[in-house]
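Trainee: Sequence:
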Amino acid sequence: MFMARTARRKSETGIYHVMLRGIDKRDIFQNESDYKKFLEYIEKAKEKVNFTVYAYCLMTNHVHLLLKETEKHEIGDIVKRIAVGYVQYHNIKMGRVGHLFQNRFKSEAVDKDAYFLTVLRYIHQNPLKAGMVKALGDYQWSSYNEFIKDNKKIVETTFALNYFNNIEQFKTFMKEKNDDKCLEYEPQKRYTDEGLKEIISSSIDTSGFEKMDIATRKEILKKIKEATGACEFSIAIEGIFTKTSKHVINGKKKFSLAMRNVPLPPLLWPLQNV
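Residue numbers (the working numbering): 1039 to 1312.
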């Protein structure tokens, strides 16, 4: 008896983190021309459907994409348009038939600003954590260089960069060591805004946070992260300290994935001293 597949959770924002993995963990890309061809199929699909790509990373046997679907074309249709063309190319080149990717691609909804940034960093750090390069900019087949070199080809960079004062802050966040776990790992517990606030207020005194020195702020952040598993952006963006903060970056409130204005509290940048 076959069990029905679990339905994909619908993203409230239309944004998804997608992973395509080679069947039986086989390599998807054999050489440079393969990587280029896959990117070409992303571009071709964009021309026909006009979806948004926020980030990508092509690894040897799997692919990470951060995409936004359209009203007419859902995420499944978009991924199919990208994958089918590449599979045909690959099979002709290799003289084979059959599947190249696992039957069903993995995906997760990205509904929160904080998690959007976590996934963005996770995708870009894939080659670094795999030991393939020593610096993010050294890897040719991710979207990282489209951000830092303003070399836009496939990715919509403005949305993500608007979370930061400048490109140096973006680079600092992207390079930060972390234990981010997304999609391919067992789901981690995610607290609601109120849940985080309750845990923090019951265990840590954050009164006068904005007047504390950097060392004290770091110690408080460390305790919050250990207690909840939340990253700095989750702690900041989810409004833990917004009752005492009305900070606005560049004179503008930050974009929200839910298309509402959300100010970013002055929690993160003083810690990085930039």
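Just so you know, these hints were derived from the structure itself, not from any lab. Values in this document were obtained by computation on a predicted structure and should not be read as measured data. Hints may be right or wrong, so weigh each one.
Claimed, not checked - Derived DSSO-like pairs (lysine-lysine); straight-line CA-CA distance at most 30 angstroms:
hint, residue 1, residue 2
1, Lys1256, Lys1084
2, Lys1048, Lys1063
3, Lys1219, Lys1131
4, Lys1110, Lys1172
5, Lys1118, Lys1172
6, Lys1256, Lys1063
7, Lys1106, Lys1256
8, Lys1172, Lys1191
Trainee: So, against the hints stated earlier in the document, which numbers end up violated here?
Mentor: Of the numbered hints given earlier, those the structure breaks are 1, 3, 4, 5, 6, 7, listed in rising order.
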